[in-house]
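> Now for the letters of each chain:
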Amino acid sequence: GAVVSQHPSRVICKSGTSVKIECRSLDFQATTMFWYRQFPKQSLMLMATSNEGSKATYEQGVEKDKFLINHASLTLSTLTVTSAHPEDSSFYICSAGAAPETQYFGPGTRLLVL
Amino acid sequence: AQSVTQLGSHVSVSEGALVLLRCNYSSSVPPYLFWYVQYPNQGLQLLLKYTTGATLVKGINGFEAEFKKSETSFHLTKPSAHMSDAAEYFCAVSDLSCGTSYGKLTFGLGTILTVHP
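Protein sequences, first through last, are from chains A and B.
By the working numbering, the letter at position 106 of the first sequence is numbered 106, and the numbering carries on one by one without gaps.
Start counting at 1 in the second sequence, then tack on 114, and there's your number in the working numbering.
Hints are supplied without guarantee of correctness; some may be wrong.
[To be verified] Below are the DSSO-like pairs computed for lysine-lysine, each with C-alpha atoms no more than 30 Å apart in a straight line:
{"id": "1", "chain 1": "A", "residue 1": "K66", "chain 2": "B", "residue 2": "K218"}
{"id": "2", "chain 1": "A", "residue 1": "K20", "chain 2": "B", "residue 2": "K218"}
{"id": "3", "chain 1": "B", "residue 1": "K218", "chain 2": "A", "residue 2": "K41"}
{"id": "4", "chain 1": "A", "residue 1": "K41", "chain 2": "B", "residue 2": "K163"}
{"id": "5", "chain 1": "A", "residue 1": "K64", "chain 2": "B", "residue 2": "K218"}
{"id": "6", "chain 1": "B", "residue 1": "K218", "chain 2": "A", "residue 2": "K55"}
{"id": "7", "chain 1": "A", "residue 1": "K66", "chain 2": "A", "residue 2": "K41"}
Simulated from the structure, these hints should not be mistaken for laboratory data.
Kindly generate the complete structure, drawing on both the sequences and the hints.
Here is the structure:
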């Protein structure tokens, strides 16, 4: 089956630093990838839709200047949390695939900002 | 706008008992429907999906779900629970309406399934 990887799986940052999270589709090409955020004991909230070769589409309330998304190739999308603060601590999950039928999810990245 | 309601944030069953996780949705157009499972500190794994055709769909690990349009429901069932089924389960709908929302998933709040011996 389709495999999506994320790196890093876990990261701890100091407040004010930036952190980049990579999402890769390992055995298929994805023109569209999605970035989600999941707070403890809550559901996944879509942050943005990442389109290869074009600007990402952000959901309402998501700061595009804070969460920079780059989708430079058909197998890689990156999410950069700029000037991270403790309230950005969360579980970030990406997905890729043939929307609307199937999205394959990465294993997630747990970000802790101290 | 679409929405998904999962009735019961926690469900507890005995090993070998029937598992029933409820999901109701609202959508302006008939959506695609999904059930995902999430184990602690992991991403989501697709259990099963309904797109078109047979309304009773079978997934992995012995799970199945039935799409009932009249009830706008897509409940997940498994005849006999196993200890390894303990996880959090999310119901989701995919937006098929024209426009920028096409293909986006809307998730329910999740149901934590506990299986006790």
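> Could you check the structure against the hints above and give me the numbers of any it violates, in ascending order?
Structure breaks no hint.
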